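With the hints as constraints, model all of the structure from the sequences given.
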Amino acid sequence: MDLKFEVSGRIARPVEEVFEAVANPEKLSGYFTTGGAKGRLETGAVVTWDFADFPGAFPVHVVEVEKNKRIILRWDAGDTDGEPGGDSGTYQTLVTMRFEQLEDGRTLVSISEEGWRQTAAGLKSCLGNKGGWMQMLCAMKAWVEHGINLREGMFR
1 MDLKFEVSGR IARPVEEVFE AVANPEKLSG YFTTGGAKGR LETGAVVTWD FADFPGAFPV
61 HVVEVEKNKR IILRWDAGDT DGEPGGDSGT YQTLVTMRFE QLEDGRTLVS ISEEGWRQTA
121 AGLKSCLGNK GGWMQMLCAM KAWVEHGINL REGMFR
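Using the numbering used here, the first residue of the sequence shown is number 1, and each one after it goes up by one.
In case anyone wonders, no lab produced these hints; they're calculated from the structure. These numbers were taken from a predicted model, which means no experiment stands behind them. C-beta atoms are modelled at their ideal positions from N, C-alpha and C, and glycine is treated no differently. Any given hint could turn out to be false.
Dumping the calculated EDC-like pairs for lysine to aspartate or glutamate here, alpha-carbon to alpha-carbon at most 16 Å [claimed, not checked]:
| no. | residue 1 | residue 2 |
| --- | --- | --- |
| 1 | Lys67 | Glu17 |
| 2 | Lys38 | Asp50 |
| 3 | Lys27 | Asp50 |
| 4 | Lys27 | Glu152 |
| 5 | Lys69 | Glu20 |
| 6 | Lys38 | Glu20 |
| 7 | Lys124 | Asp2 |
| 8 | Lys4 | Glu114 |
| 9 | Lys27 | Glu16 |
| 10 | Lys67 | Glu20 |
| 11 | Lys130 | Glu114 |
Label-pair restraints from in silico Cβ distances [to be verified]:
| no. | residue 1 | residue 2 | range |
| --- | --- | --- | --- |
| 12 | Glu145 | Gln118 | 35 to 43 Å |
| 13 | Met1 | Gly36 | 31 to 39 Å |
| 14 | Thr90 | Glu42 | 19 to 27 Å |
| 15 | Asp53 | Gly115 | 20 to 28 Å |
This is the structure:
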């Protein structure tokens, strides 16, 4: 069984605005990266994201960006707690964000992530990230549509 997932949601704004809410570090810091984001998401860039619930900025490797359509990232898997007999070395998962302009003016955002080791720690990390990305979509919807930061004060 491959450890992977996909979550999605509809944001009532044009695709250009929704895409920019992810690619622009100032906007992303307004609703998601509670400790801040540094660096615009552009192909080949290495940016940093910091979260209050996972303190300490960490690198995000931008594999590919197709404006208003797709962002592909790599980052550390987060499950290197070392299982008996397993390899506890660091490795990365692949995150793909897709943006689709809908006929009614909304944007469908889909986020998938894959590449965890098939271990108990890998499963735990996969499920944690699935919840995190769904929370990101909910927070983005509230921020982009209504200017409300759902994550403010949530973790501190």
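Hints, one by one, checked against the model:
| no. | hint | verdict |
| --- | --- | --- |
| 1 | Lys67 x Glu17 | holds, 11 Å |
| 2 | Lys38 x Asp50 | holds, 9 Å |
| 3 | Lys27 x Asp50 | holds, 14 Å |
| 4 | Lys27 x Glu152 | holds, 14 Å |
| 5 | Lys69 x Glu20 | holds, 11 Å |
| 6 | Lys38 x Glu20 | holds, 14 Å |
| 7 | Lys124 x Asp2 | holds, 13 Å |
| 8 | Lys4 x Glu114 | holds, 4 Å |
| 9 | Lys27 x Glu16 | holds, 13 Å |
| 10 | Lys67 x Glu20 | holds, 9 Å |
| 11 | Lys130 x Glu114 | holds, 10 Å |
| 12 | Glu145 x Gln118: 35 to 43 Å | holds, 38 Å |
| 13 | Met1 x Gly36: 31 to 39 Å | holds, 36 Å |
| 14 | Thr90 x Glu42: 19 to 27 Å | holds, 24 Å |
| 15 | Asp53 x Gly115: 20 to 28 Å | holds, 22 Å |
The structure meets every hint from the earlier list without exception.
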